[in-house]
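Colleague: If you're matching them up, the sequences are chains X and E in order.
Under this note's numbering, think of the first position of the first sequence as 1, with each following residue one higher.
Under this note's numbering, think of the first position of the second sequence as 1001, with each following residue one higher.
It should be emphasised that the hints constitute simulated quantities derived from the structure, not laboratory data.
The beta carbon of each residue, even a glycine, is placed where N, CA and C say it ideally should be.
The reader is advised that the hints may include incorrect statements.
What the hints assert, rightly or not - Facing chain E, from chain X, some residues (calculated, C-beta under 7 angstroms):
1) Y24
2) S27
3) H58
4) F82
5) E85
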Amino acid sequence: MFAKLKKHTAYYLSLLAMSGIGLYLISLNSFDSELRMVLVIMIAFFYILWGLLHHHVHHDLTAKVMIEYVLIGALGISIVFFLLE
Amino acid sequence: MPKIKKFLHHLLLPHESNNHKAKLLHHSSLALLILFLLVSTFVISYTEKNYQEVLGIDHSVVSEQLLTETNLRRQEQGLPPLTMSSELSNAAAGKASDMFTNNYWAHTSPNGTTPWVFIRGSGYEYIFAGENLARGFTTSQDVVNAWMASEGHRANILSGNYKDIGFAISVGELNGEETVLVVQMFGSRTSPSMASDTKPVDVAVAPAKTEKDQEQEVSDEQEIKELVLEKQPDKDIVQTPKVESVANKPLVDSRSLTKNIALGIVILLFIILVLDIYFVERKQIIRAFKHNLDHLIFVFVILALILIITRGGVL
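Can you make the complete structure from the sequences, with help from the hints?
Modeller: Written as structure tokens, this is what we have:
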């Protein structure tokens, strides 16, 4: 587990950092629902692209992996859309 | 009972029956969950618009309770209680209505209308005036607690300069979000001698912005203001429409409903992903998609987003 974590440290840290920035921007604009939605979509897109890029670099990117990232990202967007609408 | 246990195992934990991945993490389940959320969004939105007595914003924020809570805080500091002023309440109602009409969350409207215009418009001649705003809270106590936790708003509540107070509580759509808006206006009248002075001035004090306010996500620009305003011409004085300050009671509170459903889904996903990581490691399960830690980070971000989006705010 820790060996895996070490191997992917840069990936997880960059994901955490970008998510943190996204959350901070949303908290600054927490009452502008359009801007919040745009920021959530941007976070989800970054998560999907970063995940796919990461798997591509490690030569284990398959259609199944791609669909999984897209579905989890879309689920995140759907949850926020559900909450805001 | 064993059947239920087996089903829950299948649904939540990596197992032989689900190809060593919780059924809820399968692509078909995730797609179903997305479909459920999209359909629910439209059903809730339709019900909210057409059956407000069934689904809507439920709150118990009332002027009387806000006055009691405010005076209680003043009493604790040895300050005299504030008296409810119908003029200030009308000014607050005018401000609330203006905020919904012009869709802004600020002390000064996009076209430059300050709170003081509403106060003068109500016929209240003041030497000191102030304004506190809140949105997204469901009880009077929560509103006053949030103001008291913010230094600038607290200073308004505990100011010895004010004698009168007025409130408006209004439900409406602000920046695309259905919300409960609370406007609290403070004031003290000009004395007859001042009113007859040759050069009358109004001094208005708005709550000061502090570092603590920023930490608490006080969300809009606010500056320490000590405005000495010349008397404005009559054209600036706006009429203040009446906003009822009564508690709203639909059968189901739409905000709690959507928040609980969203939280339920995200927390369930979070637990399943943690269990997945644990069991895959412990049982050394070999599968195409080995690590879910990035999914876990993303779900955690969504959880934080829900908490940010659903909290109330003061200004």
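Colleague: Each of the hints needs a verdict: does it hold here or not?
Modeller: Hint by hint, here is what the structure shows:
Nearest Cβ of chain E to the Cβ of Y24 of chain X: about 10 angstroms, over the 7 angstroms cut. The hint is violated. Because the beta carbon of S27 of chain X sits about 5 angstroms from the nearest beta carbon in chain E, less than 7 angstroms, this interface hint is met. At about 10 angstroms, the closest approach between the beta carbon of H58 of chain X and any beta carbon in chain E exceeds 7 angstroms, and the interface hint on this residue is violated. Restraint check, F82 of chain X versus chain E: the minimum CB separation of about 5 angstroms is within 7 angstroms; hint holds.
Against a cut-off of 7 angstroms between C-beta atoms, the interface hint on E85 of chain X holds, since the closest Cβ of chain E lies about 5 angstroms away.
Going down the numbered hints, you'll see the structure goes against 1 and 3, while the others check out.
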